[in-house]
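**Q** Given these sequences and hints, build the entire structure.
Convert by adding 7 to the 1-based position in the sequence shown; the result is the number in the working numbering.
If you are wondering where the hints come from, they were derived from the structure by calculation, not from laboratory data.
Glycine included, each C-beta is placed from N, C-alpha and C at the ideal position.
Among the hints, a few may not be true.
[As the list claims (entries may be wrong)] Taking lysine to any residue and the SDA-like style, the derived pairs with C-alpha atoms no more than 25 Å apart in a straight line are:
#: 1; residue 1: 91; residue 2: 64
#: 2; residue 1: 91; residue 2: 41
#: 3; residue 1: 91; residue 2: 30
#: 4; residue 1: 91; residue 2: 49
#: 5; residue 1: 91; residue 2: 68
#: 6; residue 1: 91; residue 2: 34
#: 7; residue 1: 91; residue 2: 52
#: 8; residue 1: 91; residue 2: 36
[Unchecked claim] The following label-pair restraints were derived from C-beta to C-beta distances:
#: 9; residue 1: 44; residue 2: 17; range: 37 to 45 Å
#: 10; residue 1: 84; residue 2: 23; range: 17 to 25 Å
#: 11; residue 1: 19; residue 2: 85; range: 24 to 32 Å
#: 12; residue 1: 17; residue 2: 99; range: 18 to 26 Å
#: 13; residue 1: 68; residue 2: 47; range: 17 to 25 Å
#: 14; residue 1: 9; residue 2: 99; range: 58 to 66 Å
#: 15; residue 1: 43; residue 2: 16; range: 39 to 47 Å
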Amino acid sequence: MTLINRLQDEQGAQIVLSGSLRDLASAFLHEADQTRSIRRRSQIRREAQQITLVAQLVEQGTYNALRAEAWLEASQHQLAQHRKERRRAAHA
Numbered sequence: 008m009t010l011i012n013r014l015q016d017e018q019g020a021q022i023v024l025s026g027s028l029r030d031l032a033s034a035f036l037h038e039a040d041q042t043r044s045i046r047r048r049s050q051i052r053r054e055a056q057q058i059t060l061v062a063q064l065v066e067q068g069t070y071n072a073l074r075a076e077a078w079l080e081a082s083q084h085q086l087a088q089h090r091k092e093r094r095r096a097a098h099a
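**A** See below:
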């Protein structure tokens with residue numbers, strides 16, 4: 008694989024990863040809109056801002072892709088936890 012091909016592959020991976028992070032940030036904002044608690048809503052929105060920042064850093068190539076992937080996985084888990092807590096609160 009030539010250097011140019013490797014760079015193109017890395018750029019493509021950065022684009023896919025940043026897009027996934029942005030999609031996740033949108034999901035967090037949607038979850039925030041569904042949450043009744045003002046405190047929880049603010050917390051979820053802050054998390055969405057952090058995810059958006061990581062996406063921007065990935066696009067610029069200034070954030071390690073492996074860390075960003077780990078961030079993505081952890082954030083997906085966190086989103087699932089937020090959804091579970093919201094459902095639990097709705098049934099209480």
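**Q** Work down the list of hints and note, for each, if the structure agrees.
**A** Verification of the hints:
{"no.": "1", "hint": "91 <-> 64", "verdict": "violated, 30 Å"}
{"no.": "2", "hint": "91 <-> 41", "verdict": "holds, 12 Å"}
{"no.": "3", "hint": "91 <-> 30", "verdict": "holds, 19 Å"}
{"no.": "4", "hint": "91 <-> 49", "verdict": "holds, 17 Å"}
{"no.": "5", "hint": "91 <-> 68", "verdict": "violated, 34 Å"}
{"no.": "6", "hint": "91 <-> 34", "verdict": "holds, 14 Å"}
{"no.": "7", "hint": "91 <-> 52", "verdict": "holds, 17 Å"}
{"no.": "8", "hint": "91 <-> 36", "verdict": "holds, 16 Å"}
{"no.": "9", "hint": "44 <-> 17: 37 to 45 Å", "verdict": "holds, 41 Å"}
{"no.": "10", "hint": "84 <-> 23: 17 to 25 Å", "verdict": "holds, 20 Å"}
{"no.": "11", "hint": "19 <-> 85: 24 to 32 Å", "verdict": "holds, 27 Å"}
{"no.": "12", "hint": "17 <-> 99: 18 to 26 Å", "verdict": "violated, 47 Å"}
{"no.": "13", "hint": "68 <-> 47: 17 to 25 Å", "verdict": "violated, 34 Å"}
{"no.": "14", "hint": "9 <-> 99: 58 to 66 Å", "verdict": "holds, 59 Å"}
{"no.": "15", "hint": "43 <-> 16: 39 to 47 Å", "verdict": "holds, 45 Å"}
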